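**Q** As they're listed, the protein sequences go chains F and Y.
The first sequence finishes on residue 113 if you use our numbering, and the numbering steps up by one all the way, no holes.
The second sequence finishes on residue 226 if you use our numbering, and the numbering steps up by one all the way, no holes.
Calculated from the structure, these hints are not laboratory results.
Check the hints yourself; a few may be wrong.
Pairs of lysine to any residue, SDA-like flavour, derived with a Cα cap of 20 Å [what the hints assert, rightly or not]: (1) Lys155(Y) - Gln41(F); (2) Lys150(Y) - Val126(Y); (3) Lys150(Y) - Leu39(F); (4) Lys171(Y) - Ile161(Y); (5) Lys42(F) - Gly114(Y); (6) Lys155(Y) - Arg109(F); (7) Lys42(F) - His120(Y); (8) Lys155(Y) - Val12(F); (9) Lys184(Y) - Tyr145(Y); (10) Lys150(Y) - Pro106(F); (11) Lys42(F) - Asp162(Y); (12) Lys42(F) - Leu153(Y); (13) Lys78(F) - His10(F); (14) Lys155(Y) - Thr5(F); (15) Lys57(F) - Gly114(Y); (16) Lys155(Y) - Leu111(F); (17) Lys42(F) - Lys171(Y); (18) Lys171(Y) - Thr101(F); (19) Lys171(Y) - Gly129(Y); (20) Lys150(Y) - Arg95(F); (21) Lys57(F) - Thr191(Y).
Footprint (simulated), chain F over chain Y, 3 or more residues, beta carbon under 8 Å [as the list claims (entries may be wrong)]: (22) 148-158; (23) 213-224.
Small disclaimer: the values here were computed from a predicted structure and weren't measured.
Positions of the beta carbon are idealized from the N, C-alpha and C atoms, including for glycine.
What follows is each chain in one-letter form.
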Amino acid sequence: EPEVTQTPSHQVTQMGQEVILRCVPISNHLYFYWYRQILGQKVEFLVSFYNNEISEKSEIFDDQFSVERPDGSNFTLKIRSTKLEDSAMYFCASRIEWGETQYFGPGTRLLVL
Amino acid sequence: GENVEQHPSTLSVQEGDSAVIKCTYSDSASNYFPWYKQELGKGPQLIIDIRSNVGEKKDQRIAVTLNKTAKHFSLHITETQPEDSAVYFCAASHPNTGNQFYFGTGTSLTVIP
Chain F
1 EPEVTQTPSH QVTQMGQEVI LRCVPISNHL YFYWYRQILG QKVEFLVSFY NNEISEKSEI
61 FDDQFSVERP DGSNFTLKIR STKLEDSAMY FCASRIEWGE TQYFGPGTRL LVL
Chain Y
114 GENVEQHPST LSVQEGDSAV IKCTYSDSAS NYFPWYKQEL GKGPQLIIDI RSNVGEKKDQ
174 RIAVTLNKTA KHFSLHITET QPEDSAVYFC AASHPNTGNQ FYFGTGTSLT VIP
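Work the whole structure out from these sequences, hints included.
**A** Spelled out as structure tokens, the structure:
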């Protein structure tokens with residue numbers, strides 16, 4: 001069964017450093033998402049992406065964040081200058097078309113020291 | 114924006130008993146309500162979903178009910194098994210917000226053998 005994959009599974013970085021989190025959505029899916037989950041809290045929406053552009057973003061997704069689909073398979077989330085409060089589990093999700101459910105990847109646990 | 118509340122935050126049941134998790138939502142435009150199961154260290158996995166034109170949906174031991182008037186929906190797990198132990202999240206979405214998911218705070222279910 002096709003699934004969303006994410007790399008790395010864990011990332012430790014120093015405050016102020018740039019990180020890139022990578023996702024490979026399910027191959028025929030058209031809509032892509034990033035969510036984050038701070039330890040013990042709910043999953044929060046960051047950004048949605050369709051047709052090579054951001055379709056919606058939350059207030060969390062400030063100028064330090066960016067997303068890109070550099071080729072036909074990868075979908076990346078970049079944090080330019082990490083802060084301590086960026087420590088969280090980051091989930092990528094994708095769905096095939098409007099109104100259908102989203103399938104989540106296993107997540108990347110980011111720890112900012 | 115949409116606000117999803119979920120109760121209880123923790124739930125312990127004896128193996129074989131039923132478990133019920135309840136969610137409320139605030140935006141009457143929401144029309145899609147998935148339930149995800151998250152095991153330790155893994156991403157959320159869809160277990161069942163319901164759309165606003167349906168009042169109840171069942172899949173083997175799992176069922177979801179939706180009351181649009183009261184704006185609440187519930188997950189019912191019957192004949193619980195130890196492998197049902199996980200964190201369960203409800204979510205709501207609607208087209209006006211790009212189908213981003215608004216998640217509840219999660220319920221940690223423990224099934225005691």
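**Q** Hint by hint, note whether the structure agrees.
**A** Going down the list of hints, with the structure as the test:
{"no.": "1", "hint": "Lys155(Y) - Gln41(F)", "in the structure": "holds, 15 Å"}
{"no.": "2", "hint": "Lys150(Y) - Val126(Y)", "in the structure": "holds, 17 Å"}
{"no.": "3", "hint": "Lys150(Y) - Leu39(F)", "in the structure": "holds, 16 Å"}
{"no.": "4", "hint": "Lys171(Y) - Ile161(Y)", "in the structure": "holds, 8 Å"}
{"no.": "5", "hint": "Lys42(F) - Gly114(Y)", "in the structure": "holds, 16 Å"}
{"no.": "6", "hint": "Lys155(Y) - Arg109(F)", "in the structure": "holds, 10 Å"}
{"no.": "7", "hint": "Lys42(F) - His120(Y)", "in the structure": "holds, 13 Å"}
{"no.": "8", "hint": "Lys155(Y) - Val12(F)", "in the structure": "holds, 18 Å"}
{"no.": "9", "hint": "Lys184(Y) - Tyr145(Y)", "in the structure": "holds, 12 Å"}
{"no.": "10", "hint": "Lys150(Y) - Pro106(F)", "in the structure": "holds, 12 Å"}
{"no.": "11", "hint": "Lys42(F) - Asp162(Y)", "in the structure": "holds, 18 Å"}
{"no.": "12", "hint": "Lys42(F) - Leu153(Y)", "in the structure": "holds, 14 Å"}
{"no.": "13", "hint": "Lys78(F) - His10(F)", "in the structure": "holds, 15 Å"}
{"no.": "14", "hint": "Lys155(Y) - Thr5(F)", "in the structure": "holds, 11 Å"}
{"no.": "15", "hint": "Lys57(F) - Gly114(Y)", "in the structure": "holds, 13 Å"}
{"no.": "16", "hint": "Lys155(Y) - Leu111(F)", "in the structure": "holds, 17 Å"}
{"no.": "17", "hint": "Lys42(F) - Lys171(Y)", "in the structure": "violated, 25 Å"}
{"no.": "18", "hint": "Lys171(Y) - Thr101(F)", "in the structure": "holds, 17 Å"}
{"no.": "19", "hint": "Lys171(Y) - Gly129(Y)", "in the structure": "holds, 18 Å"}
{"no.": "20", "hint": "Lys150(Y) - Arg95(F)", "in the structure": "holds, 18 Å"}
{"no.": "21", "hint": "Lys57(F) - Thr191(Y)", "in the structure": "violated, 38 Å"}
{"no.": "22", "hint": "148-158", "in the structure": "holds (count 6)"}
{"no.": "23", "hint": "213-224", "in the structure": "holds (count 7)"}
Going down the numbered hints, you'll see the structure goes against 17 and 21, while the others check out.
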